[in-house]
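This is what each chain is made of:
Number of protein chains: 2
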Amino acid sequence: MISGGMRIAGTTLTLVFLMFLFVGLSFGADVDQAALKQAQQLFSPLPKVMESEQNPVTPEKAGLGKMLFYEMRISMDGTVSCAKCHPISLYGADGLRKAIGNHCEVNPRNAPTVFNAAAQISEHWIGNRTSVEDQAKQSLTGHPAFGMAKYEDVEKRLKGYKEYVALFSRAFPGDMNPVTVENFAKAVGAFERTLVTPSPFDSFLKGEEKALTAVQKKGLETFMNTGCAGCHSGTYVGGQMYQKFGIVNLYWKHTKSEKIDEGRYAVTKNEADKYVFKVPVLRNVEKTPPYFHDGSVDDLETAVTIMGKVQLGRDISSEQARDISEFLKALTGEIPADVMTVPLLPSIE
Amino acid sequence: MISGGMRIAGTTLTLVFLMFLFVGLSFGADVDQAALKQAQQLFSPLPKVMESEQNPVTPEKAGLGKMLFYEMRISMDGTVSCAKCHPISLYGADGLRKAIGNHCEVNPRNAPTVFNAAAQISEHWIGNRTSVEDQAKQSLTGHPAFGMAKYEDVEKRLKGYKEYVALFSRAFPGDMNPVTVENFAKAVGAFERTLVTPSPFDSFLKGEEKALTAVQKKGLETFMNTGCAGCHSGTYVGGQMYQKFGIVNLYWKHTKSEKIDEGRYAVTKNEADKYVFKVPVLRNVEKTPPYFHDGSVDDLETAVTIMGKVQLGRDISSEQARDISEFLKALTGEIPADVMTVPLLPSIE
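Protein sequence lines, in the order shown, are assigned to chains A and B. If you use the numbering used here, the first sequence closes out at 363, no skipped numbers anywhere. If you use the numbering used here, the second sequence closes out at 363, no skipped numbers anywhere.
Hints are computed from structural coordinates only; laboratory data are not their basis. Quantities reported herein were computed from a predicted structural model and do not represent experimental measurements. Misleading hints may appear alongside valid ones.
Since copy identity is lost for identical chains, a pair holds within one copy or between any two.
[To be verified] Taking lysine-lysine pairs in the BS3-like style, the calculated list, with each CA pair at most 30 Å apart, reads:
#1 K176 <-> K270
#2 K270 <-> K164
#3 K220 <-> K170
#4 K288 <-> K273
#5 K176 <-> K112
#6 K164 <-> K112
#7 K173 <-> K270
#8 K258 <-> K224
#9 K232 <-> K51
#10 K273 <-> K170
#11 K232 <-> K258
#12 K176 <-> K224
#13 K273 <-> K323
#14 K258 <-> K288
#15 K51 <-> K323
#16 K176 <-> K232
#17 K51 <-> K288
#18 K112 <-> K173
#19 K176 <-> K220
With the hints as constraints, model all of the structure from the sequences given.
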């Protein structure tokens, strides 16, 4: 009898346990579905190429652009190429607080990754470059970039390589004088428009719920529900608006900033633009420390915590910061195979 | 009759022509055979890997070494990696007269290519590095190289990356404390020992006579018969001996050298070593201007002409210089596919 009663009790317990498990699972699935739906409203998967009407991507342009991306012989001291501050091996950023260019001149701000960068409202932290093409062109004469005195000097150097002359002609077929800095910019821009890194988050957005881990999903929900996604949204999880850094609290009281940067005010001279920066793209953020416009913070969880404090006026708990960081790791994408190879550059003939 | 006579005369002429052609062809073939035999005595094809008893190449070591080759976060200013002065895109050299390292310090001499370099008698122009491993290690604290104050600082930085710790453990399995600069050097050295670029000249040496063009064969003969191959011989077409630069004439009277470099004298303090340098490897020389220890000459034909003048006391004609240069282009090799890809480097965790 005793053993029979235990058997009945055991069966009941098992049933109750299975019921809870079922309810728990379907509740979990509902939560996942809700998170996915919310995410699909806020974000969207990456395109194959970040197209531009002004500069349609062709294989010829992008192929030449890849070579020019590595070309350092068109910088004043011969050491600076696009790849110097945007090495592929470090996911298109350079690991420095502030980028170092020609003659070791230090740039005013941190070099953002070149991946998934071409579809932003503008380039550079303060939006003083209208497009990746504009950025590429202006870098040539930027002092802490390539440091060349005149655009003509760049063109003259490029014309010294027969192979480049041929490749420019092929990439810009209607052009009588194809070797120009404008076409340099278009070629580099076309290459950069192919620098797209699809990630587990893209698979998730396409409906593959298991692409994110449980913690990443929790982090995503926190990211959406605490306000991070208010600015970091869209296909690129950022890059679509300007925002004051320090809406609630002065940013430099929380970062280790060495000096106060007035941000976009330098561009517009509009008082309202003081301390305003472009909201950075968060794709591959795990792989591109240090963080913020001045590279003042080394680790992701600290950066997340500071953002909560100065942008949202929230004390993000260490658990939340960890969850959000785990979600951000799901934004680490795969670099296209072709981009992982180095081009061979011409020698003078 | 006239037409018959013409026909006979025509036939005779054809026969005579064919005889000449045959003699000419077999003479040409004989010359080719003789050149090939002479070349096979002076040179030999590249091995697959430049092996070392002290540092056997393993996939684990070479794979880690490839990552470390690109690692710039172990330099004082965060901008110097092996790849900075030896970019693959420029065939392992940097295109500068003199390499520029940490904090833009200029190196005393031109950066030689890292390809086919590991089997030389020593490294650097003046032989002050015993091996590629020694070169890799000493670069870390070299001022115009990585510029780190102490080896321990490099080790500390490397230990900051979990992925590196794991990869060092795997590459040096018996080692209790694998993350050391000695193992850094072994890993980088192992990678560099795989940097072998088989060229048309290797195919030729293996008996494939058509691998060189007619002009290249002519250039090869001139190269062998005017004395160039007296020093530039062996598998690497150089790299096996020291030699005074300017045996017959003072080199700086012919190059555009800005100052006189006493060469290996700086290492040995032996008067006989004044202006003595290691004979450079000529593989890929077409792709690695500018030339000489100080990068004082931009083009290959000029360099060849100067070598004739100062080393051999010969006035090499412009035709000979062109032929030799064409031969030297047959030393341009194929970079292994794996070497053409960029490694992804760890971020701090």
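Next on the checklist: Within a copy, between copies, both or neither: which one fits K288 and K273 at a CA-CA cutoff of 30 Å?
Outcome noted: within (14 Å within a copy, 52 Å between copies)
Item to check | Intra- versus inter-copy proximity for K232 and K176 (alpha-carbon distance at most 30 Å) | outcome: Close across copies (25 Å), not inside one copy (56 Å); limit 30 Å.
Next on the checklist: As a check of your reading, is K273 near K170 (CA-CA no more than 30 Å) within one copy, between copies, both or neither?
Outcome noted: Close across copies (29 Å), not inside one copy (39 Å); limit 30 Å.
Next on the checklist: For K51 and K288, with the copy left unspecified, which applies at a CA distance of at most 30 Å: within, between, both, or neither?
Outcome noted: So K51 and K288 fail the 30 Å test inside a copy (36 Å) and across (76 Å) alike.
Item to check | Within, between, both or neither: K176, K224 at alpha-carbon 30 Å | outcome: Result: close only across copies, 27 Å inter versus 52 Å intra.
Checklist entry - At most 30 Å between C-alpha atoms: does K232 with K258 qualify within a copy, between copies, both, or neither? => result within (27 Å within a copy, 70 Å between copies)
Checklist entry - Given a CA cutoff of 30 Å, do K232 and K51 count as a within-copy pair, a between-copy pair, both, or neither? => result within (14 Å within a copy, 73 Å between copies)
Checklist entry - When no copy is named, should K273 and K323 be tagged within, between, both, or neither for a Cα gap of at most 30 Å? => result within (19 Å within a copy, 59 Å between copies)
Checklist entry - Is the C-alpha distance from K164 to K112 at most 30 Å within one copy, between copies, in both cases, or in neither? => result Result: close both inside a copy and across copies, 25 Å intra and 24 Å inter.
Item to check | K176 and K112: within-copy, between-copy, both or neither at 30 Å Cα | outcome: between (36 Å within a copy, 25 Å between copies)
Checklist entry - Using 30 Å as the alpha-carbon threshold, which applies to K51 and K323: within, between, both, or neither? => result For K51 and K323, the Cα distance is within 30 Å only inside one copy (28 Å; across copies 78 Å).
Item to check | Intra- versus inter-copy proximity for K164 and K270 (alpha-carbon distance at most 30 Å) | outcome: For K270 and K164, the Cα distance is within 30 Å only across copies (27 Å; inside one copy 37 Å).
Checked against the numbered hints given earlier, this structure breaks hints 3, 8, 17, 19; the rest are met.
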